[in-house]
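Going by this note's numbering, the sequence shown opens with residue 166, and the numbers climb by one from there.
No wet-lab data here; the hints were simulated from the structure.
A hint or two may mislead.
No farther apart than 30 Å at their CA atoms in a straight line, the calculated lysine-lysine pairs in the DSBU-like style are these [to be verified]:
id, residue 1, residue 2
1, Lys167, Lys279
2, Lys304, Lys213
3, Lys215, Lys303
Okay, the calculated beta carbon distance ranges per label pair [what the hints assert, rightly or not]:
id, residue 1, residue 2, range
4, Val273, Glu208, 40 to 48 Å
5, Thr286, Lys215, 22 to 30 Å
6, Ala254, Tyr206, 19 to 27 Å
7, Ala274, Arg216, 33 to 41 Å
8, Arg234, Glu267, 38 to 46 Å
9, Gly225, Glu267, 38 to 46 Å
10, Asn201, Ala226, 24 to 32 Å
11, Val289, Ser205, 24 to 32 Å
From the three backbone atoms N, C-alpha and C, an ideal C-beta is built for every residue, glycine too.
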Amino acid sequence: MKLSTRAIYGLRAMIDLGVYSEQEAVSIQSIAGRQNISVSYLEQLMAKLKRAGLVESTRGACGGYRLGRPAEEISVGDILRVLEGGLEAAQCPGTSPEENCETKDICVAKLVWKRINDSITQAVDTLMLGQLIEESRKKQEEKM
166 MKLSTRAIYG LRAMIDLGVY SEQEAVSIQS IAGRQNISVS YLEQLMAKLK
216 RAGLVESTRG ACGGYRLGRP AEEISVGDIL RVLEGGLEAA QCPGTSPEEN
266 CETKDICVAK LVWKRINDSI TQAVDTLMLG QLIEESRKKQ EEKM
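Using the sequences provided together with the hints, build the complete structure.
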């Protein structure tokens, strides 16, 4: 499984947003500058995240973005699914009850794909944005 720049940049933007939006909303330009992401690309990512309720925006002079929910309630999996769609490393019809697979009853390779997919799901769904924000703050303090 290879994640696209949507996932990579989107996760970085969400961490940045969590770090810097504690006191006030954060502009796309400031996130883009700190994370070295193009403003237009970041606008596309934020639009997807906003539709999913992971971020909220405010217009006006003091406008910008904030997290849509507490960081402790947003998993990395939530973010990646919004930006990437599914997270399956392999899409095997034998692992889905809805799919029709001729060799479903005798195929053992599906066990490999199911185990890999389950491992990915478990990893990204138990890693919370709040944890990453804390780590980011620690790294920033170490630099000072």
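**Asked** Quick check: which numbered hints come out false for this structure?
**Response** Hint check: 9 fails alone, others pass.
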